[in-house]
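Chemist: Take a look at the letters that make up each chain.
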Amino acid sequence: MSMTRREFIKFTGLGLAASSIGALGFGASGEAQAAAVRPFKLTHATETRNTCTYCSVACGILIYSMGDRAKNARSNIIHIEGDPDHPVNRGTLCPKGAALLDVVHAPTRLKTPRYRPPGGTEFKEVSWDFALDRIARLMKDDRDKNFIARNANGDTVNRWTSVGMLAASASSSETSYLTWKAVRSMGMVVFDNQARV
Amino acid sequence: MTNTWQDIKNANVVIVMGGNAAEAHPCGFKWVIEAKIENGAKLVVVDPRFTRTASVADYYAPIRPGTDIAFLNGVIHYLLEKDAIQHEYVRSYTNASLIVKDGFDFQDGLFTGYNEETRTYDKSTWDYELDKDGFAKSDDSWQDPRCVINLLKHHVSRYTPEMVSRICGTPQDKFEHVCALIASTSAPDKAMTSLFALGWTQHSVGAQNIRNMAMIQLLLGNIGVAGGGMNALRGHSNIQGLTDVGLLSNQMPGYMNLPTDKETDFDIYMSTRQFKPLRPGQISYYQNTRKLFVSLMKALYGDAATQESNWAFDWLPKLDIPLYDIIKAFEMMNAGQMTGYICQGFNPLQAFPDRGKIRRGLSKLKFLVTMDPLDTETSRFWQDFGPQNPANSADIQTEVFQLPTTCFAEENGSLVNSARWLQWHWKAADGPGIAMSDIWIMSGIFHRIRELYRKEGGAFPDPILNLTWKYTDPISPDPEELAKEMNGRALADLTDPATNTVVTKAGTLLDGFAQLRDDGTTSSGCWIFSGSFTEKGNQMARRDATDPREQGIAPNWAWAWPANRRILYNRASADPAGKPWNPAKPVISWNGTKWVGIDVPDYTPTLAPSAGASPFIMNDEGLGRLFARKLMAEGPFPEHYEPMESPVENVLHPKVKNNPAARVFADDRAAFGSPDKFPYVATTYRLTEHFHFWTKHALINAILQPEEFVEVGEALAKEKGIEQGGWVKVSSKRGEVICKAYVTKRIKPLTVDGKPTHVIGVPLHWGFTGQARKGYGANTLTPSVGDANTQTPEFKAFLVNIEKTSAPVTA
Chain A
3 MSMTRREFIK FTGLGLAASS IGALGFGASG EAQAAAVRPF KLTHATETRN TCTYCSVACG
63 ILIYSMGDRA KNARSNIIHI EGDPDHPVNR GTLCPKGAAL LDVVHAPTRL KTPRYRPPGG
123 TEFKEVSWDF ALDRIARLMK DDRDKNFIAR NANGDTVNRW TSVGMLAASA SSSETSYLTW
183 KAVRSMGMVV FDNQARV
Chain B
6 MTNTWQDIKN ANVVIVMGGN AAEAHPCGFK WVIEAKIENG AKLVVVDPRF TRTASVADYY
66 APIRPGTDIA FLNGVIHYLL EKDAIQHEYV RSYTNASLIV KDGFDFQDGL FTGYNEETRT
126 YDKSTWDYEL DKDGFAKSDD SWQDPRCVIN LLKHHVSRYT PEMVSRICGT PQDKFEHVCA
186 LIASTSAPDK AMTSLFALGW TQHSVGAQNI RNMAMIQLLL GNIGVAGGGM NALRGHSNIQ
246 GLTDVGLLSN QMPGYMNLPT DKETDFDIYM STRQFKPLRP GQISYYQNTR KLFVSLMKAL
306 YGDAATQESN WAFDWLPKLD IPLYDIIKAF EMMNAGQMTG YICQGFNPLQ AFPDRGKIRR
366 GLSKLKFLVT MDPLDTETSR FWQDFGPQNP ANSADIQTEV FQLPTTCFAE ENGSLVNSAR
426 WLQWHWKAAD GPGIAMSDIW IMSGIFHRIR ELYRKEGGAF PDPILNLTWK YTDPISPDPE
486 ELAKEMNGRA LADLTDPATN TVVTKAGTLL DGFAQLRDDG TTSSGCWIFS GSFTEKGNQM
546 ARRDATDPRE QGIAPNWAWA WPANRRILYN RASADPAGKP WNPAKPVISW NGTKWVGIDV
606 PDYTPTLAPS AGASPFIMND EGLGRLFARK LMAEGPFPEH YEPMESPVEN VLHPKVKNNP
666 AARVFADDRA AFGSPDKFPY VATTYRLTEH FHFWTKHALI NAILQPEEFV EVGEALAKEK
726 GIEQGGWVKV SSKRGEVICK AYVTKRIKPL TVDGKPTHVI GVPLHWGFTG QARKGYGANT
786 LTPSVGDANT QTPEFKAFLV NIEKTSAPVT A
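Here the protein sequences come in this chain order: A and B. Sequential numbering from 3 applies to the first sequence in the numbering used here. Sequential numbering from 6 applies to the second sequence in the numbering used here.
FYI, nobody ran anything at the bench for these hints, they're computed from the structure. A few of these clues could be false.
[As the list claims (entries may be wrong)] Quick list of simulated restraints, FRET-style, between CB atoms:
(1) Arg76/A / Thr265/B: 46 to 54 Å
(2) Asp157/A / Ala192/B: 50 to 58 Å
(3) Arg76/A / Asp266/B: 47 to 55 Å
(4) Lys510/B / Lys147/A: 54 to 62 Å
(5) Gln292/B / Lys113/A: 48 to 56 Å
(6) Gly759/B / Lys147/A: 29 to 37 Å
(7) Gly286/B / Asp157/A: 35 to 43 Å
(8) Thr749/B / Pro41/A: 19 to 27 Å
(9) Asp157/A / Gly462/B: 17 to 25 Å
(10) Gly391/B / Asp157/A: 46 to 54 Å
(11) Lys43/A / Asn561/B: 27 to 35 Å
As the structure is a computational prediction, the values presented were derived from the model and not from experiment. By construction, the Cβ of each residue, glycine as well, lies at the ideal position given by its N, Cα and C atoms.
Same shape as in the complex, but just chain A (with noise of 0.2 Å):
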């Protein structure tokens, strides 16, 4: 018999539900009972394979989530727990990845731009065409300011210092590289990321 993971945790889900009370003695009314038994909630979820996102164990993850990935669904992340098959950790994770549920759904989790003006007191919710446009603005502006184009000896160098960036050491390869690939081509040197810290 071959069965995904999900068709695997229905199939015992629901025979634990009803071997354990049939074997209560409620005998035939007891069918009736089991039927009426709320089945695991996992065995509705869809299933992601993922990895953590704090150390560099990299521990394999599965994640569960309400919606079936149908165009109007919204999926919503219901619990995460440790991928058994994973070489690594197989399926074990530590105080931090046991609880990553609450960080994705941590209610300072930021959901709007926000922008805070020379002097402001609070933060007030931006658009991202807002955002977007003036920090392009800006980076260009000092950018036609501040570029070196040759230095003192008259040697080609293009390169700017004036604007700096740090990079996510959680960001995917693919997020770094296109990241890499924008910031180099204005001539940033001002660049690092966590691998210092």
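Knowing the structure of chain A, use the given hints to seat chain B on it.
Modeler: Same frame as chain A, now just chain B:
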């Protein structure tokens, strides 16, 4: 890591020094327990604190923070004295026999060539004597006093067990016991693995700490073998990947360096990189650098990168100083030399040393952009949070953009783990609100700037206008397309020069970096990732856990760089004739016609042992280096220098107390404290319940470790009247932290040069956003100075004072 996490189970001795894997990498540490139970391995822990790793060790020895080199040079002294080295390995696979130039010397704490004014070395004597053919001279009999092994013997002769104990505070008998355990792995069929992390890197001599252990591993024949290696347990989920892709001030993808001002054209740049072999018959893989570089430039600039344009070499920024690292960036910010700063998933107000300086620097910017899934302290540096972040918002003129990003669970992509595995992961849900991916945000900023240059012109727009951006959805490129671009493809039909037949058709994804060419007919955005996404599909998405002989390789689970190789330098797992040193756990061996085994050979697959090419194919001499030539800032051998803030003099050479090649800015030096006012050694670390400054946003973790505290040994607590759970004020010359004290048996005073020395532990997790209680942050106390090579800040050894205090009014 040179090896894999599971491979730790093959070790006979596991040494954890400069890390605390049981708490910081718990699910990887299980393989240490596996080694103990299944392989009878001995776990040795050397650490200032009796950590949870120490609690399951077979042997624990304490050490004063910042004295690891004295300890490790002492180990080398012991190994050479007792002749406990793997002789055949050392002779055949290391540079022990090579002869060093006349003139190279070490006197009173300094190597030859020191310039006090610039705090740098003229390294011209730090190299081998060459013969008339340009090869390094060698004395296989080790009689020549100038051969590396004899210079090393002389260099470490000062590090006697008495001297080690005097500097490190480690009792002499404990030091010698650790030496004996380490020495037991000099047998050809025994292996020791070294597991380390930021406990070694975060020092002004961090890179030399690691070199020191790498030298020990070479002397013992423990590199390239199962259960051996140098295993850096990296801290963040993709810190390895960001390093691989070159997101560091001086780096390009695949460990190529940005050119410097002195490299005024492409040929000059190439002239110092295509290393010719320094010994006869060596592979010296970097002879291929031109192919790697040209293929990168084709990926970046496509048709604009041509032979005539020198592959757009001039479009790369050139460096006038070695590094624009983060300490330098905040120095520039404080000097008013920076306009804007973008923090993508990075929280420098918590993460970088001397928090006051970080806050003052951010306040001088015209604009700050943060991109993060969480509400970080950095994005709110301008807001008053009381003593934990005092600020007068009206006075701070910085414009701040706080941009919400998706997190790991809300994207597709790959992360590179410690063992160099590229593991693809899949999106499970959309992000909250209108949070967007980093890819979408960076593309959005880039497109707007490019559009402004198209419309308005401006400073040198060529590289921006010509950057390749041929993605199906240019607004939000698909991670798979970016992965394919890094992997690389053929841009024209590639022919075999011998037969003149087409071997790879134009447009095909490459199978590996061996196919790269330097004539512009191939592209690869990150050559070491070549092979990760081929015509056979996304190799990073593979999830076959099959493991031949259960030896901890799992070759078909995801994909490892380079070339899906799981154990680096694995040619060294076999003797010069190609027979495994340890027949019970072979990695690769020579079968008479080719190299075969459970891993991809780190060697030319059909090159016979009789050809005499040594295993370290990336080095021009083909050998592991006991003598580092010119590659380190402070010397070709590690030397003990005291931390920048230290309670004692350097007993080896009082005139040269600290790392003479460390870069120290004047304002940072003025902020160093002295032992008369700050008599206690402090060190920072993580707790197992928290990950940096993220998990205080997660409710469970905030409940598990809710508030800031420091760890104080019982003896010091008694002396200072500090009670268990009582309030204390910990101060350095840079700032103070008021928090609770945890009085512990886990830190005991050490006797250093005859005097008792107390160590205070400072966990680093609290700030002023999230769900845990507000904290000042360990970086309020730490000094702004870095390792002389990498500029990694010295968080692991500095000076503080501690006093009992009363509870704050609004605790």
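Chemist: Next step is simple, just say for each hint if it's right about the structure.
Modeler: Against the structure, the hints:
no. : hint                            : verdict
1   : Arg76/A / Thr265/B: 46 to 54 Å  : holds (51 Å)
2   : Asp157/A / Ala192/B: 50 to 58 Å : holds (56 Å)
3   : Arg76/A / Asp266/B: 47 to 55 Å  : holds (53 Å)
4   : Lys510/B / Lys147/A: 54 to 62 Å : violated (48 Å)
5   : Gln292/B / Lys113/A: 48 to 56 Å : holds (53 Å)
6   : Gly759/B / Lys147/A: 29 to 37 Å : violated (59 Å)
7   : Gly286/B / Asp157/A: 35 to 43 Å : holds (39 Å)
8   : Thr749/B / Pro41/A: 19 to 27 Å  : violated (48 Å)
9   : Asp157/A / Gly462/B: 17 to 25 Å : holds (24 Å)
10  : Gly391/B / Asp157/A: 46 to 54 Å : holds (51 Å)
11  : Lys43/A / Asn561/B: 27 to 35 Å  : holds (33 Å)
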